[in-house]
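Chemist: Chains as they are written, first to last, in the numbering used here: chain G, 2 to 318; chain U, 2 to 318.
Read the hints as simulated data drawn from the structure, not as lab findings. Do not rely on the hints blindly, as some may be mistaken.
Pairs involving identical chains hold if they fit within one copy or between any two copies, as the list cannot separate such chains.
To be verified - Listed next, the in silico DSS-like pairs over lysine-lysine satisfying Cα-Cα at most 30 Å (straight line): (1) LYS296 to LYS93; (2) LYS16 to LYS222; (3) LYS280 to LYS92; (4) LYS92 to LYS296; (5) LYS280 to LYS93; (6) LYS78 to LYS151; (7) LYS174 to LYS237; (8) LYS149 to LYS98; (9) LYS102 to LYS214; (10) LYS149 to LYS92; (11) LYS128 to LYS151; (12) LYS281 to LYS174; (13) LYS93 to LYS281; (14) LYS62 to LYS218; (15) LYS40 to LYS273.
Just so you know, these numbers come straight off a predicted model, no measurement behind them.
Number of protein chains: 2
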Amino acid sequence: MKEKYSIGVDLGGTKVKVGIVNKQGRIVQKVSVNTFAEKGPDKVIAQIKEGINLLLKTNKKEIQGIGIGSPGTVSSKRGTVENPPNLPGWKKVHLGKIIQKEFALPTFVENDANAAAIGELIYGAGKAHQSFIMVTLGTGVGGGIIYKGKLFKGEFGGAGEIGHITIDYNGTKCNCGSYGCLETYLGNKYVIKNVTTKLKKNKTSLLYKLTEKNLKKITPKVIHEAYLLGDKFSLKIIENLGETLGYGLASVVNLFDIRTIIIGGGVAGFGKPLFNSVKKTIASRVLTPMRPHLKVKQAKLKNNAGIKGASSLVLYQ
Amino acid sequence: MKEKYSIGVDLGGTKVKVGIVNKQGRIVQKVSVNTFAEKGPDKVIAQIKEGINLLLKTNKKEIQGIGIGSPGTVSSKRGTVENPPNLPGWKKVHLGKIIQKEFALPTFVENDANAAAIGELIYGAGKAHQSFIMVTLGTGVGGGIIYKGKLFKGEFGGAGEIGHITIDYNGTKCNCGSYGCLETYLGNKYVIKNVTTKLKKNKTSLLYKLTEKNLKKITPKVIHEAYLLGDKFSLKIIENLGETLGYGLASVVNLFDIRTIIIGGGVAGFGKPLFNSVKKTIASRVLTPMRPHLKVKQAKLKNNAGIKGASSLVLYQ
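Isolated chain G (complex conformation) (with noise of 0.2 Å):
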């Protein structure tokens, strides 16, 4: 029998990435264009578009449907998106019917962090669980909790917003409105921000050495980097994200009582410092019954995982 494949569509404030994807997971061709924000959404759909028609044009794979993963609230029935918080003039957009009407192949829409979470089901660290948290760290805390190898919704659709959870009702203002939202210490923008804070107390900081003195270059990556190289200021620093992230966490497995947890985005490259303390935290914030059967697990998709998530979409139907 011929190997079917699926395309997974990353729509994203700069870029839309689009990818072929084998049944195991594997982006066999991929493309990026740019999106196009600022141009509202009849061009940003015409760059999907292009993204998917540049793909089919080399390749004659058979393929069985697309995948969209898409910021904002979306309504994965009736493949809507509604006011994708970095793309401007969408009000509610019927994505699903306008690209499966252009290609002739079955679309499927879902919210970025919920298509990582079917991503890890289908194809990565959530294989082998029926239930579990998702947790994805980028320039948000994005969310999504499968249940019973189904992602759970909620009665209107929008459920598994993690990074929403307060963990201080007097902590910082978010960006949604709320205060001490776990996505007010882990965004990226956030992490940044809070070491370029404390640095200022820790003059001898690997840091300063691997960005020339220039702390706008701090990002994840230099934190992990320092961290491998023995700065303890950075090693602090990732303990310190584990120890928040399992302060929400905490709160979200004694709701749902589910205790596989798989956190994805590039914090979670940090790897073992920040699971370790992620995992301690947890275990020792939950209650007694359910700390049996924790476990804390880094997500298999790492590079590509918004065209894998995606992608994942079809296989998922």
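Please build the complex by placing chain U on the supplied structure of chain G, with the hints as guidance.
Modeler: Just chain U now, with coordinates in the frame of chain G:
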């Protein structure tokens, strides 16, 4: 057709309350016996049997089954109760099997907070809702999630522990071992302690008069009475409690995207100022797309909610 009835058993630390309940959730007869918790599980089980026998002796109604609401970790599948906090020496007891055998009636055991949620679903404020978040404010803060007409149990049966989500990771240590749990703000003991401390700076509050200056007499009921008499301090206390509960519930809504909330238990008796404050706080903190359709309702099962909730387990199956 002859009307059928259920028996509900509310297993508490000091009293076992047992009632015969009709299909509308009305108690037709009830008794209360001592738990004798300190004498261990055999004695407590004997007391439960005693309570049920007292009712069966004087009552010839046709009984369909027995429901038991128990503290502790309950496996409703196996009918077991593990380590209930106020019942020493229990470890793991096959309570369901024991009672079922004794009375030759189908017997169902559920955690008391979950039984309260099912009670609202079957008889109460949840009848009109397929999905809702139930929170019970008593000595502790209990929770239960109803999703698509069923109790959401999670991977291992312990889901819905709303009282133990953290709203301030640096907050007061909770009985559960964690810090800043919702219960440390809204559990009765904490509410009274907090009020007593604040009263020292509010010498004109009516609470002094109502308790004859004996602050040990402060209860949620007295606070409510003072509020009804126009005491501004008590109003402020009630509004603060509502806000605090709102901080926690906003996280729960963001995670489950379930937008109907039912609040029961003593503190829920504070009525309007509490409910308004909870609703306002949730609406201002939850993600924008989740703000429509938010509903905050008072539980309908009030007196003997424990018996009614337990009896509803029979109809729920």
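Chemist: Each hint should be assessed against the structure and marked as holding or not.
Modeler: Against the structure, the hints come out as follows:
1. Proximity of LYS296 and LYS93 under a CA criterion of 30 Å is satisfied inter-copy only: 25 Å between copies versus 38 Å inside one chain copy.
2. For the identical chains of this complex, LYS16 and LYS222 are intra-copy neighbours only, at 21 Å inside a copy versus 59 Å across copies, given an alpha-carbon limit of 30 Å.
3. In the homo-oligomer, the alpha carbons of LYS280 and LYS92 lie at most 30 Å apart only across protomers (26 Å), although the nearest pairing inside one protomer, at 39 Å, exceeds that limit.
4. Taking the shortest Cα distances, LYS92 and LYS296 sit within 30 Å of each other only across copies (25 Å), while inside one copy they are farther apart (39 Å).
5. Taking the shortest alpha-carbon separations for LYS280 and LYS93, only the inter-copy value of 27 Å comes in at or below 30 Å, while the best intra-copy value is 39 Å.
6. For the identical chains of this complex, LYS78 and LYS151 are neighbours both inside a copy (14 Å) and across copies (22 Å), given an alpha-carbon limit of 30 Å.
7. In this homomeric assembly, LYS174 and LYS237 come within 30 Å of each other (Cα to Cα) both inside a single copy, at 24 Å, and across copies, at 24 Å.
8. Proximity of LYS149 and LYS98 under a CA criterion of 30 Å is satisfied in both settings, with 29 Å inside one chain copy and 28 Å between copies.
9. In this assembly of identical chains, the alpha carbons of LYS102 and LYS214 never lie at most 30 Å apart, being 53 Å within a copy and 75 Å across copies at closest.
10. In this assembly of identical chains, LYS149 and LYS92 lie within 30 Å of each other by CA distance solely across copies; the values are 29 Å between and 33 Å within a copy.
11. Taking CA atoms no more than 30 Å apart as the test, LYS128 paired with LYS151 passes in both settings, with 12 Å inside one copy and 26 Å between copies.
12. In the homo-oligomer, the alpha carbons of LYS281 and LYS174 lie at most 30 Å apart both inside one protomer (27 Å) and across protomers (17 Å), since each shortest distance falls under that limit.
13. Within a single copy, LYS93 and LYS281 get their C-alpha atoms only as close as 42 Å, which misses the 30 Å cut-off; across copies the closest is 27 Å, which meets it.
14. In this assembly of identical chains, the alpha carbons of LYS62 and LYS218 never lie at most 30 Å apart, being 42 Å within a copy and 78 Å across copies at closest.
15. Taking the shortest Cα distances, LYS40 and LYS273 never come within 30 Å of each other, neither inside one copy (42 Å) nor across copies (48 Å).
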